[in-house]
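Protein chains in written order, with our numbering: chain V, 1 to 292; chain Y, 1 to 292; chain B, 1 to 292.
Check the hints yourself; a few may be wrong.
In silico DSS-like cross-links for lysine-lysine, where the CA-CA straight-line distance does not exceed 27 Å [as the list claims (entries may be wrong)]:
1. K258/Y with K3/V
2. K55/B with K55/Y
3. K55/V with K3/V
4. K55/V with K261/V
5. K55/V with K55/Y
6. K258/V with K3/V
7. K258/B with K3/Y
8. K3/Y with K261/B
9. K258/V with K258/Y
10. K3/B with K3/V
11. K55/B with K261/B
12. K55/B with K3/B
13. K3/V with K55/Y
14. K3/Y with K3/B
15. K116/B with K55/Y
16. K258/V with K55/B
In case anyone wonders, no lab produced these hints; they're calculated from the structure.
Computed from a predicted structure; not experimentally measured.
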Amino acid sequence: MRKLLLQLDTSPHPSVFDRVVAYDAGADEIMSYGGVTEHAVRDLVHGAIFTRGPKDLRNTAIFIGGTDMTAGERLLAAVRETFFGPLRVSVMLDSNGSNTTAVAAVAKLQQAAGPKGGVQGRRAVVTAGTGPVGVRAAGLLARAGADVIVTSRRPVAPALVEQIRQRFGGSVRGVAMPDSSQAAAILEGAELLLNAGGASVRLVPRDGWAGRAGLRAAADVNAVPPLGVEGIEVNDDGVEREGVTVFGALGVGNLKMKIHKACIARLFEQNDLVLDAETIAEVAREITAPRN
Amino acid sequence: MRKLLLQLDTSPHPSVFDRVVAYDAGADEIMSYGGVTEHAVRDLVHGAIFTRGPKDLRNTAIFIGGTDMTAGERLLAAVRETFFGPLRVSVMLDSNGSNTTAVAAVAKLQQAAGPKGGVQGRRAVVTAGTGPVGVRAAGLLARAGADVIVTSRRPVAPALVEQIRQRFGGSVRGVAMPDSSQAAAILEGAELLLNAGGASVRLVPRDGWAGRAGLRAAADVNAVPPLGVEGIEVNDDGVEREGVTVFGALGVGNLKMKIHKACIARLFEQNDLVLDAETIAEVAREITAPRN
Amino acid sequence: MRKLLLQLDTSPHPSVFDRVVAYDAGADEIMSYGGVTEHAVRDLVHGAIFTRGPKDLRNTAIFIGGTDMTAGERLLAAVRETFFGPLRVSVMLDSNGSNTTAVAAVAKLQQAAGPKGGVQGRRAVVTAGTGPVGVRAAGLLARAGADVIVTSRRPVAPALVEQIRQRFGGSVRGVAMPDSSQAAAILEGAELLLNAGGASVRLVPRDGWAGRAGLRAAADVNAVPPLGVEGIEVNDDGVEREGVTVFGALGVGNLKMKIHKACIARLFEQNDLVLDAETIAEVAREITAPRN
Chain V
1 MRKLLLQLDT
11 SPHPSVFDRV
21 VAYDAGADEI
31 MSYGGVTEHA
41 VRDLVHGAIF
51 TRGPKDLRNT
61 AIFIGGTDMT
71 AGERLLAAVR
81 ETFFGPLRVS
91 VMLDSNGSNT
101 TAVAAVAKLQ
111 QAAGPKGGVQ
121 GRRAVVTAGT
131 GPVGVRAAGL
141 LARAGADVIV
151 TSRRPVAPAL
161 VEQIRQRFGG
171 SVRGVAMPDS
181 SQAAAILEGA
191 ELLLNAGGAS
201 VRLVPRDGWA
211 GRAGLRAAAD
221 VNAVPPLGVE
231 GIEVNDDGVE
241 REGVTVFGAL
251 GVGNLKMKIH
261 KACIARLFEQ
271 NDLVLDAETI
281 AEVAREITAP
291 RN
Chain Y
1 MRKLLLQLDT
11 SPHPSVFDRV
21 VAYDAGADEI
31 MSYGGVTEHA
41 VRDLVHGAIF
51 TRGPKDLRNT
61 AIFIGGTDMT
71 AGERLLAAVR
81 ETFFGPLRVS
91 VMLDSNGSNT
101 TAVAAVAKLQ
111 QAAGPKGGVQ
121 GRRAVVTAGT
131 GPVGVRAAGL
141 LARAGADVIV
151 TSRRPVAPAL
161 VEQIRQRFGG
171 SVRGVAMPDS
181 SQAAAILEGA
191 ELLLNAGGAS
201 VRLVPRDGWA
211 GRAGLRAAAD
221 VNAVPPLGVE
231 GIEVNDDGVE
241 REGVTVFGAL
251 GVGNLKMKIH
261 KACIARLFEQ
271 NDLVLDAETI
281 AEVAREITAP
291 RN
Chain B
1 MRKLLLQLDT
11 SPHPSVFDRV
21 VAYDAGADEI
31 MSYGGVTEHA
41 VRDLVHGAIF
51 TRGPKDLRNT
61 AIFIGGTDMT
71 AGERLLAAVR
81 ETFFGPLRVS
91 VMLDSNGSNT
101 TAVAAVAKLQ
111 QAAGPKGGVQ
121 GRRAVVTAGT
131 GPVGVRAAGL
141 LARAGADVIV
151 TSRRPVAPAL
161 VEQIRQRFGG
171 SVRGVAMPDS
181 SQAAAILEGA
191 ELLLNAGGAS
201 VRLVPRDGWA
211 GRAGLRAAAD
221 VNAVPPLGVE
231 GIEVNDDGVE
241 REGVTVFGAL
251 GVGNLKMKIH
261 KACIARLFEQ
271 NDLVLDAETI
281 AEVAREITAP
291 RN
């Protein structure tokens with residue numbers, strides 16, 4: 001019985017990236033839908049859950065993507081509402097790659113923070129932390145015990161911070177960083193830095209982080225020059241620069257691809273998996289764990 | 001050479017249900033198109049008939065689906081007009097599953113009516129008989145020799161009854177049934193009952209059918225409570241209730257799935273099959289025939 | 001690793017013809033997109049080039065099609081601009097089959113013109129030579145050394161002739177042919193004739209070409225009666241009629257299919273092939289070359 005992946009994408013053209021990764025991760029056939037809204041979800045999901053017997057449902061799965069994470073979250077909610085007791089299939093949400101990117105970046109910082117306690121109790125600053133990657137990275141860091149500060153050009157809405165706290169638990173604060181000249185002050189006391197900002201926006205100049213006492217690790221997910229953290233190269237993957245262990249966008253991206261593929265493979269192992277930020281982080285933990 | 005199924009669907013998103021069933025029935029690859037109108041058919045069908053040699057054309061086939069059976073019938077007509085002598089491929093029409101559902105429900109009633117003569121000469125009432133499932137079920141019952149009454153909330157248009165008679169032959173009449181309190185009177189003298197109504201509409205209360213002398217078999221294709229015939233359970237598949245052999249929506253649905261899959265497999269055995277209600281009924285007869 | 005073809009089609013429904021040919025030519029999976037504009041190309045191509053390692057990129061390729069060749073050319077330009085150094089995949093442009101049809105028709109004329117010099121120095125008339133097939137056929141003939149005249153019902157724009165000359169080199173002139181009664185005069189001195197006109201338009205009557213001294217070969221790509229060159233039959237494939245070696249639309253079409261399939265197979269042999277008229281002609285030369 002072939003492994004069928006139902007790709008529900010909120011953008012007009014369903015993502016080619018997600019299709020290629022799914023093929024390479026073991027999906028036999030992909031049924032791709034673009035421009036999907038929550039109103040269309042019921043009929044599409046019925047086709048996934050009412051066609052194969054209960055024992056075979058693990059061979060069907062759903063992937064939700066698209067450029068808009070908020071729209072993707074609405075689809076995930078609609079998909080879960082459509083499930084019908086044991087008549088359900090595994091589902092993964094990764095709009096714009098935000099979940100897998102956030103998980104990979106946090107995994108890199110955890111690895112660099114050291115095996116003893118990881119990020120526990122350390123201050124972590126997530127610049128551009130109010131976008132889809134930033135929110136999830138901040139939440140995952142807080143959940144792992146870090147003391148998290150998220151920055152945004154504009155004041156960070158208390159409601160957003162509260163949402164992160166409620167979903168992930170832990171300690172999160174928002175701080176406005178109108179421009180990169182404030183980076184040095186905001187990084188005061190930080191041990192971890194993650195830039196979650198978009199393409200071609202430099203948020204942290206070199207003097208904001210270089211040689212700073214206490215800073216252990218820094219990662220940047222922006223792959224398009226100018227990069228987000230001045231001095232971190234796109235291919236950096238755990239090298240030491242300016243006394244700090246650093247990770248560039250491709251260093252993070254390689255792990256992100258591994259996590260993405262591992263998650264697709266997991267979808268077909270059972271029929272009741274829901275892969276969102278927290279559960280994707282668990283998959284990442286397993287595949288990055290040192291083997292005995 | 002791979003078996004390619006061209007899925008022409010009149011709804012914006014081509015049916016996931018039909019795709020999964022087609023994969024499981026042996027199609028190697030499915031080329032799915034949504035929002036297809038009759039104007040787009042010619043170019044799409046040319047791509048199916050002008051690409052492979054005459055001997056290989058049985059490896060390409062067309063499935064017409066979508067929520068609107070009338071639109072599906074227009075596509076089927078346009079597809080057949082596009083065929084070009086021996087340059088043709090097999091085609092199946094099953095918008096909203098109406099053909100396979102009607103065939104399965106009628107097959108269940110025939111089986112319950114007994115091996116001697118089946119439904120021949122028996123009165124059959126099809127409630128909500130003017131919708132796509134009802135029209136086809138009524139026609140198939142009439143064609144098999146039953147004396148058929150179709151009901152509708154509003155008066156049944158004589159033109160519709162005439163269309164059924166012309167297509168399927170046999171005896172068909174229309175009777176208005178404004179609400180379920182008239183069911184008992186309309187079922188007077190009936191030996192067979194099929195509710196072809198939609199989700200969550202109760203058309204026949206228990207006192208309309210239970211314990212009625214002469215009633216042999218009753219089937220209901222509505223799977224969503226309240227069910228269409230009070231007292232028939234969704235999983236019923238030939239059990240006796242109130243002295244009548246009954247079939248619920250899943251009992252009918254299991255056979256419908258078998259018929260649907262068998263039809264897809266047949267499409268790839270020759271290049272000139274047209275599977276519509278009557279020919280799908282023949283496929284059903286073969287797969288439900290007792291084996292020696 | 002599966003061979004994945006990304007089909008970018010400028011028409012609302014991506015071509016079924018191109019999909020079936022691609023499957024039969026060895027693509028394992030096809031990711032089909034309809035209604036693609038140049039603005040959507042970047043994200044789609046990123047999904048093709050950023051998902052597999054450099055050594056595996058030859059297993060991904062792009063096919064550009066649709067009914068409008070000008071729109072297809074815009075997509076090809078946008079695709080090539082998106083490539084990123086070695087991060088690229090092979091791509092083929094064949095909107096409406098114009099490239100493969102033009103290449104096949106020219107190959108037939110070259111073959112008939114004889115092994116010594118082929119079309120070199122011979123006058124070739126391409127009727128309806130300003131459409132997508134005609135422009136490419138004229139260019140390929142000019143490139144091979146023919147003295148080319150393209151005709152159109154209206155005066156041929158000097159800019160179009162200049163574009164053909166700049167792209168393909170060689171000698172090309174435009175001549176208006178308001179109706180088919182001028183065909184005889186325009187064919188004066190011609191050794192080769194190609195009708196590149198559309199379905200059901202007769203451009204060259206029998207007395208325009210039959211028995212004409214010097215005319216060696218004639219081909220017609222119009223498959224729908226009335227055919228474009230009176231007296232050439234649709235299945236003609238190198239037979240002599242009226243003293244001329246002639247090729248009808250299916251004679252040309254069979255070679256076109258072989259060329260199309262060979263090109264798809266080539267796409268997956270390397271990751272930096274660009275198959276447009278000139279390079280498709282090279283593939284045709286290899287597959288039509290006499291074997292030793």
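To see whether the hints hold, each was checked on the structure:
no. : hint               : in the structure
1   : K258/Y with K3/V   : holds (20 Å)
2   : K55/B with K55/Y   : violated (39 Å)
3   : K55/V with K3/V    : holds (13 Å)
4   : K55/V with K261/V  : holds (24 Å)
5   : K55/V with K55/Y   : violated (39 Å)
6   : K258/V with K3/V   : holds (19 Å)
7   : K258/B with K3/Y   : holds (20 Å)
8   : K3/Y with K261/B   : holds (18 Å)
9   : K258/V with K258/Y : violated (40 Å)
10  : K3/B with K3/V     : holds (18 Å)
11  : K55/B with K261/B  : holds (24 Å)
12  : K55/B with K3/B    : holds (13 Å)
13  : K3/V with K55/Y    : violated (31 Å)
14  : K3/Y with K3/B     : holds (18 Å)
15  : K116/B with K55/Y  : violated (39 Å)
16  : K258/V with K55/B  : holds (17 Å)
When held up to the earlier numbered hints, the structure conflicts with 2, 5, 9, 13 and 15 and fits the remainder.
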